Amino acid sequence: MVSASVAVLAGLAFVLAYMEERKRTRVMWGMAFILYAIGHLINSWLVFNEIPVTSPLGTFAMWVYVNFGGTGTVGLILFATVPFLTKKSYAREIITMAYVIPYVVGTTMFAFFLPDNTPWAFFNPQEHVQVNNMSWWVVVVLVPFVLVIGTVFLNHYRVTGQTWSVLIGVSFVLYAAILFIWPVPELKWLFYTLRTFSVTMLGAGGVLLAKE
Amino acid sequence: MRVECPVCKKEKKIEIDPTSAKGIVCYLAPADKVCEHILLVFVDEKGNIHRVQRLDHIGVDTAVGIPRARGMSLRGAMKVFGPVFTDMISAVLLGKTLVLCDDVDVAITVYNTLARLFTTSVSLGENVLIIEDCTQAPDDAYVVNCRYAIGRGDVDTSAHKSLERYLREAIAVNDNEAAVMFVRQRLSGLQRAADVVSEKVEARINVKNLIAMIEQETGITFKYDDIHAILALLRSRGQTERADLVQMGDLNGF
Chain P
2 MVSASVAVLA
12 GLAFVLAYME
22 ERKRTRVMWG
32 MAFILYAIGH
42 LINSWLVFNE
52 IPVTSPLGTF
62 AMWVYVNFGG
72 TGTVGLILFA
82 TVPFLTKKSY
92 AREIITMAYV
102 IPYVVGTTMF
112 AFFLPDNTPW
122 AFFNPQEHVQ
132 VNNMSWWVVV
142 VLVPFVLVIG
152 TVFLNHYRVT
162 GQTWSVLIGV
172 SFVLYAAILF
182 IWPVPELKWL
192 FYTLRTFSVT
202 MLGAGGVLLA
212 KE
Chain G
9 MRVECPVCKK
19 EKKIEIDPTS
29 AKGIVCYLAP
39 ADKVCEHILL
49 VFVDEKGNIH
59 RVQRLDHIGV
69 DTAVGIPRAR
79 GMSLRGAMKV
89 FGPVFTDMIS
99 AVLLGKTLVL
109 CDDVDVAITV
119 YNTLARLFTT
129 SVSLGENVLI
139 IEDCTQAPDD
149 AYVVNCRYAI
159 GRGDVDTSAH
169 KSLERYLREA
179 IAVNDNEAAV
189 MFVRQRLSGL
199 QRAADVVSEK
209 VEARINVKNL
219 IAMIEQETGI
229 TFKYDDIHAI
239 LALLRSRGQT
249 ERADLVQMGD
259 LNGF
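Quick note, the sequences are listed as chains P and G, same order. Quick note: the first sequence uses our numbering, first residue 2, plus one each step. Quick note: the second sequence uses our numbering, first residue 9, plus one each step.
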């Protein structure tokens, strides 16, 4: 709940940045983190109601959660940010789809169609059940894209020295690092603590961006 | 031509050359034995006087030549013209011809405001024209219909973010003189910074290092957006290659 609330605030920071300067990118980032917060609220609902993630309802709710927080958020961020990196036609659409299609198809297949012991779940050090297979697929797809986004912002900081870009950049790099502990139930507390911290950095970046 | 002083009502003579006039031109009537006031006289190409006003802030013995008559306040100009006022400042800053037309009275007032912001780089008849008929404006000019506060023509918006910030910060002070001085300082700072870039930058440089270098050379603090204005200034001076040496960052405009 705390993580979701902070994500809402981060989203609102980018909406504030949009209000300061009507750039579509900013409102898309705002929407992205509000979607992320919705995903986390679904996760909170699972935890509060003690619904096991391995049950059909639990797995379905987790699938909805990772697709709000993953497809929606990072998809929107890629869609909004790629035009800054290349002006080539359809680059935005191609790169966004290169992320969204494997993510949605993979999470859907692992959650509902592929069996627990599928050989496709090669990157799953935990017990091979559908929801774990899906969670580790999320990590596999998310980490490179999140790292790239973080690197872009850190590089922008290197060139310009603008503080908002280092805050957003570090937030994404930290997110990429801690994603490896997200599927581990015993380390969920650590993940959400660090994630709340990184989303706070992101929101602070949005506020500074609005003040630029 | 005989002109009546609006202060002491005495008449003084000025010499004008209507053949060289383009639209409305401002003439300076210095103090003399008849009238101790320095006057600005706005005359059109037919020799009609549109306005006579006292030149403020310059004493009788001061060397003159730069009109500093009062225009409207900055807050007033922003209220009357809105974003068009930023366009006008940008046009003058970047050396584009600015035409003020239709309502000549308003045009003269706006010119006076601009002349106070750009003490040396704005000149009536050269980079600012005042004409009655807007359709007579040159094709490549930025044309402002002063009756309706409507701007027409292309103006480089690269400097707008900085200019809007200067104006916003200036009018936050409830003192028009201070506001004018503040904007004038900032505009001069941009021009000084452009000179520094022109003199010092010879190889590719990122914007972070460029800001540090300009601040060290000028002693003035600059923000990232100011660099857009400085590079636009360089381009307007024909130094596009020099401006292109500056690396702005992938997320420029984020």
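It is worth saying that the hints were derived from the structure and are not from the lab. The reader is advised that the hints may include incorrect statements.
In silico DSSO-like cross-links for lysine-lysine, where the CA-CA straight-line distance does not exceed 27 Å [what the hints assert, rightly or not]:
#1 Lys88/P - Lys216/G
#2 Lys88/P - Lys54/G
#3 Lys54/G - Lys87/G
#4 Lys169/G - Lys212/P
#5 Lys231/G - Lys212/P
#6 Lys169/G - Lys24/P
#7 Lys212/P - Lys216/G
#8 Lys21/G - Lys41/G
#9 Lys87/G - Lys104/G
#10 Lys24/P - Lys231/G
#11 Lys24/P - Lys216/G
#12 Lys30/G - Lys104/G
#13 Lys41/G - Lys24/P
#14 Lys41/G - Lys30/G
#15 Lys212/P - Lys87/G
Here the structure is a predicted model, which means the values were calculated and not measured.
So, going through the hints one by one against the coordinates:
no., hint, in the structure
1, Lys88/P - Lys216/G, "holds, 24 Å"
2, Lys88/P - Lys54/G, "violated, 54 Å"
3, Lys54/G - Lys87/G, "violated, 33 Å"
4, Lys169/G - Lys212/P, "holds, 12 Å"
5, Lys231/G - Lys212/P, "holds, 12 Å"
6, Lys169/G - Lys24/P, "holds, 13 Å"
7, Lys212/P - Lys216/G, "holds, 18 Å"
8, Lys21/G - Lys41/G, "holds, 11 Å"
9, Lys87/G - Lys104/G, "holds, 23 Å"
10, Lys24/P - Lys231/G, "holds, 20 Å"
11, Lys24/P - Lys216/G, "holds, 23 Å"
12, Lys30/G - Lys104/G, "holds, 16 Å"
13, Lys41/G - Lys24/P, "violated, 61 Å"
14, Lys41/G - Lys30/G, "violated, 31 Å"
15, Lys212/P - Lys87/G, "holds, 23 Å"
This entry does not satisfy hints 2, 3, 13, 14, going by the numbered hints stated previously.
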